[in-house]
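Chain residues, written in single-letter form:
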Amino acid sequence: MATDGTGLRKLRLAAPVSDEDLKRIRPGDIVYLDGVIYTGREGVYRKVVTEGADPPVDLQGVSNVNFHCSPAAAVQDDGSYRIGAVTATASFRFSHALPTWFEKTGCKMVIGKGGMSPKDYRETFVPVGAVYLTTVGYGTGALLGRGIREVVAAHWIEELGIAQAMWILRVEKFGPLIADSDLAGNSLFESQNAAINERIESLYRGLKLPALRRHGETDDKTEELI
Amino acid sequence: MISAERIEEAAYGAMFRAGIEIPEDYEAGLREIAKSETGDLSAFVIEAMLENYEAARQDRRAMCADTGLPRWFVKIGNEARLEGGFIELERRLRRATARATHDIPLRPNRVHPLSRRDHNNNVGINAPEIDYSFEPDANWIDIITVHKGGLFGSDYRMLFPADGIDGIRRFFMDTLIAFGKRGLACQPAIVGIGLGGSKDVCMTLGKHAACLRIVGDRNPDPDVAKLEDELKALGNDIGMGAMGFLGSAMVIDCHIEVGDCHTGGMPMSVHTFCLASRRAVARIHADGRIETRTDPNWFTPYMRRESVEWRQTEPA
Chain R
1 MATDGTGLRK
11 LRLAAPVSDE
21 DLKRIRPGDI
31 VYLDGVIYTG
41 REGVYRKVVT
51 EGADPPVDLQ
61 GVSNVNFHCS
71 PAAAVQDDGS
81 YRIGAVTATA
91 SFRFSHALPT
101 WFEKTGCKMV
111 IGKGGMSPKD
121 YRETFVPVGA
131 VYLTTVGYGT
141 GALLGRGIRE
151 VVAAHWIEEL
161 GIAQAMWILR
171 VEKFGPLIAD
181 SDLAGNSLFE
191 SQNAAINERI
201 ESLYRGLKLP
211 ALRRHGETDD
221 KTEELI
Chain A
1 MISAERIEEA
11 AYGAMFRAGI
21 EIPEDYEAGL
31 REIAKSETGD
41 LSAFVIEAML
51 ENYEAARQDR
61 RAMCADTGLP
71 RWFVKIGNEA
81 RLEGGFIELE
91 RRLRRATARA
101 THDIPLRPNR
111 VHPLSRRDHN
121 NNVGINAPEI
131 DYSFEPDANW
141 IDIITVHKGG
151 LFGSDYRMLF
161 PADGIDGIRR
171 FFMDTLIAFG
181 KRGLACQPAI
191 VGIGLGGSKD
201 VCMTLGKHAA
211 CLRIVGDRNP
221 DPDVAKLEDE
231 LKALGNDIGM
241 GAMGFLGSAM
251 VIDCHIEVGD
261 CHTGGMPMSV
271 HTFCLASRRA
281 VARIHADGRI
291 ETRTDPNWFT
301 PYMRRESVEW
311 RQTEPA
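Chains as they are written, first to last, in this note's numbering: chain R, 1 to 226; chain A, 1 to 316.
Heads up, some of the hints might be wrong.
Here are the computed lysine-lysine pairs in the DSSO-like style, where the Cα-Cα straight-line distance is at most 27 angstroms [to be verified]:
id: 1; chain 1: R; residue 1: Lys23; chain 2: R; residue 2: Lys208
id: 2; chain 1: A; residue 1: Lys199; chain 2: R; residue 2: Lys47
id: 3; chain 1: R; residue 1: Lys119; chain 2: R; residue 2: Lys208
id: 4; chain 1: A; residue 1: Lys232; chain 2: A; residue 2: Lys35
id: 5; chain 1: R; residue 1: Lys104; chain 2: R; residue 2: Lys47
id: 6; chain 1: A; residue 1: Lys226; chain 2: A; residue 2: Lys199
id: 7; chain 1: A; residue 1: Lys35; chain 2: R; residue 2: Lys208
id: 8; chain 1: R; residue 1: Lys208; chain 2: A; residue 2: Lys226
id: 9; chain 1: R; residue 1: Lys221; chain 2: R; residue 2: Lys208
id: 10; chain 1: A; residue 1: Lys226; chain 2: R; residue 2: Lys47
id: 11; chain 1: A; residue 1: Lys199; chain 2: A; residue 2: Lys232
id: 12; chain 1: R; residue 1: Lys23; chain 2: R; residue 2: Lys10
id: 13; chain 1: R; residue 1: Lys10; chain 2: A; residue 2: Lys226
id: 14; chain 1: A; residue 1: Lys226; chain 2: A; residue 2: Lys35
id: 15; chain 1: R; residue 1: Lys119; chain 2: R; residue 2: Lys104
id: 16; chain 1: A; residue 1: Lys35; chain 2: R; residue 2: Lys47
id: 17; chain 1: R; residue 1: Lys10; chain 2: R; residue 2: Lys208
id: 18; chain 1: R; residue 1: Lys104; chain 2: R; residue 2: Lys10
Computed far set for chain R versus chain A, every beta-carbon distance over 12 angstroms [unchecked claim]:
id: 19; residue: Ala88
id: 20; residue: Lys104
id: 21; residue: Val136
id: 22; residue: Ala142
id: 23; residue: Gly145
id: 24; residue: Val152
id: 25; residue: Gly161
id: 26; residue: Arg170
id: 27; residue: Glu172
id: 28; residue: Gly185
id: 29; residue: Glu190
id: 30; residue: Ile200
id: 31; residue: Leu209
FYI, nobody ran anything at the bench for these hints, they're computed from the structure.
Here the structure is a predicted model, which is why all the values come from computation and not from measurement.
Think of the CB as a built atom: it goes at the ideal place given N, C-alpha and C, for glycine as much as any other residue.
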């Protein structure tokens with residue numbers, strides 16, 4: 001391998017995450033977590049944000065780390081849970097839910113896939129002091145699955161199903177994760193995209209346009225689609 | 001007569017191998033593309049994925065928690081006879097899907113599109129999909145499972161003959177750039193392209209090109225093979241690596257399948273088979289023996305035939 005990424009900074013942080021640790025995080029840091037995190041995506045957001053239900057447990061006392069994930073899990077005959085792999089789902093789809101979610105739960109760290117838009121960071125994350133970490137790959141399902149030590153609880157599993165339930169997980173050396181945003185709202189994906197965009201125009205130079213164009217939201221290859 | 005019990009056993013085993021073991025051709029392709037990756041972050045991601053494959057094999061744990069859409073491709077020898085016929089075959093494949101989902105475990109991913117009802121077993125209406133193909137002068141049956149990511153990385157467009165290779169290059173880059181940013185396509189990927197056919201067959205050919213051919217394989221038509229090489233190089237020249245970070249590792253390989261199309265059109269589809277390129281094959285012989293492999297060998301000379309009659313001139 002021409003480079004192995006060993007020059008990247010690695011952090012090991014406790015979850016729930018402290019204000020001091022949140023301040024240390026810079027875009028591009030490699031992060032591992034120890035402690036308690038919970039999952040929440042479409043189903044949980046629909047109930048809490050859209051329908052106004054209270055979270056199934058007082059999250060302020062549990063964790064401030066929301067993982068956009070559904071685990072590969074099975075309910076065993078004795079009612080216990082077996083977790084295999086875990087990976088994240090693309091987070092940009094939950095942009096609308098996070099302002100209310102942060103307000104109701106005190107969430108300070110979101111783990112997901114692919115980051116969120118710079119606008120989300122500026123308007124939703126920065127005001128409450130939250131940061132975003134992305135999973136790697138995607139996804140390192142087996143490595144992240146190894147990092148789960150215990151299923152503390154699985155809420156709303158009957159109603160929402162295995163994939164959409166809220167799983168509360170005790171984790172150890174849970175990672176690797178990559179920090180996308182920091183407390184100032186800087187974004188790793190945004191800066192990487194900007195660098196990639198510089199080259200895009202030259203890739204298309206000289207290629208004639210198709211005979212039949214298409215209506216669409218954008219034909220600007222440098223524009224963010226999320 | 002191939003027994004229904006053996007079919008379910010072969011399918012259940014294939015589900016485990018697909019979910020847990022990255023195919024050797026993909027892993028070798030990833031190691032190869034990593035050699036020329038100069039982006040720090042992209043290289044870190046590839047290194048982490050290689051560790052992830054090892055962890056999955058050691059723990060017998062799924063390599064990715066997004067099960068994708070587990071589905072089946074079945075190639076049936078023209079002389080094969082199945083106990084209970086095709087109805088029993090489909091029943092066994094659905095049972096294997098549900099049992100393996102619980103036992104591996106895989107995440108149940110299949111829900112009703114409107115009600116979002118989840119049976120928690122990856123089985124439902126029109127799910128799992130089962131595609132068929134046939135092979136002359138054979139008495140075996142190949143059971144192939146593919147667990148392909150189901151959200152990002154595919155697109156279809158009706159191009160026209162005058163758009164030519166430029167149009168193909170453009171649409172190829174459009175799709176990779178749109179879904180490559182932030183790594184939504186989970187690249188580096190095997191990119192499959194369907195060229196021609198009717199609209200639905202164009203999509204099917206591209207999907208099959210991505211999922212049912214191995215890294216390093218080339219289309220037997222030299223002109224198509226040349227375009228495969230060209231597009232692979234073009235994708236790796238975009239400047240984007242794993243997760244959309246700066247780099248070059250975008251396309252592990254590019255496969256194109258063609259179908260004769262409307263004289264006025266040149267439809268094209270693009271599909272990406274991701275960092276969890278999950279596929280496994282089991283061949284069940286007439287005597288009940290099960291042989292496993294990772295190369296689907298789906299596109300046989302019979303599949304790509306052009307003439308009215310099929311005349312086998314050499315062994316497939």
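To see whether the hints hold, each was checked on the structure:
no.: 1; hint: Lys23/R <-> Lys208/R; in the structure: violated (49 angstroms)
no.: 2; hint: Lys199/A <-> Lys47/R; in the structure: violated (39 angstroms)
no.: 3; hint: Lys119/R <-> Lys208/R; in the structure: violated (34 angstroms)
no.: 4; hint: Lys232/A <-> Lys35/A; in the structure: holds (16 angstroms)
no.: 5; hint: Lys104/R <-> Lys47/R; in the structure: holds (13 angstroms)
no.: 6; hint: Lys226/A <-> Lys199/A; in the structure: holds (24 angstroms)
no.: 7; hint: Lys35/A <-> Lys208/R; in the structure: violated (34 angstroms)
no.: 8; hint: Lys208/R <-> Lys226/A; in the structure: holds (21 angstroms)
no.: 9; hint: Lys221/R <-> Lys208/R; in the structure: holds (16 angstroms)
no.: 10; hint: Lys226/A <-> Lys47/R; in the structure: violated (53 angstroms)
no.: 11; hint: Lys199/A <-> Lys232/A; in the structure: holds (24 angstroms)
no.: 12; hint: Lys23/R <-> Lys10/R; in the structure: holds (15 angstroms)
no.: 13; hint: Lys10/R <-> Lys226/A; in the structure: violated (43 angstroms)
no.: 14; hint: Lys226/A <-> Lys35/A; in the structure: holds (23 angstroms)
no.: 15; hint: Lys119/R <-> Lys104/R; in the structure: holds (21 angstroms)
no.: 16; hint: Lys35/A <-> Lys47/R; in the structure: violated (47 angstroms)
no.: 17; hint: Lys10/R <-> Lys208/R; in the structure: violated (46 angstroms)
no.: 18; hint: Lys104/R <-> Lys10/R; in the structure: violated (31 angstroms)
no.: 19; hint: Ala88; in the structure: violated (8 angstroms)
no.: 20; hint: Lys104; in the structure: holds (23 angstroms)
no.: 21; hint: Val136; in the structure: violated (5 angstroms)
no.: 22; hint: Ala142; in the structure: violated (4 angstroms)
no.: 23; hint: Gly145; in the structure: violated (5 angstroms)
no.: 24; hint: Val152; in the structure: holds (18 angstroms)
no.: 25; hint: Gly161; in the structure: violated (4 angstroms)
no.: 26; hint: Arg170; in the structure: holds (17 angstroms)
no.: 27; hint: Glu172; in the structure: holds (14 angstroms)
no.: 28; hint: Gly185; in the structure: holds (17 angstroms)
no.: 29; hint: Glu190; in the structure: violated (10 angstroms)
no.: 30; hint: Ile200; in the structure: violated (7 angstroms)
no.: 31; hint: Leu209; in the structure: violated (8 angstroms)
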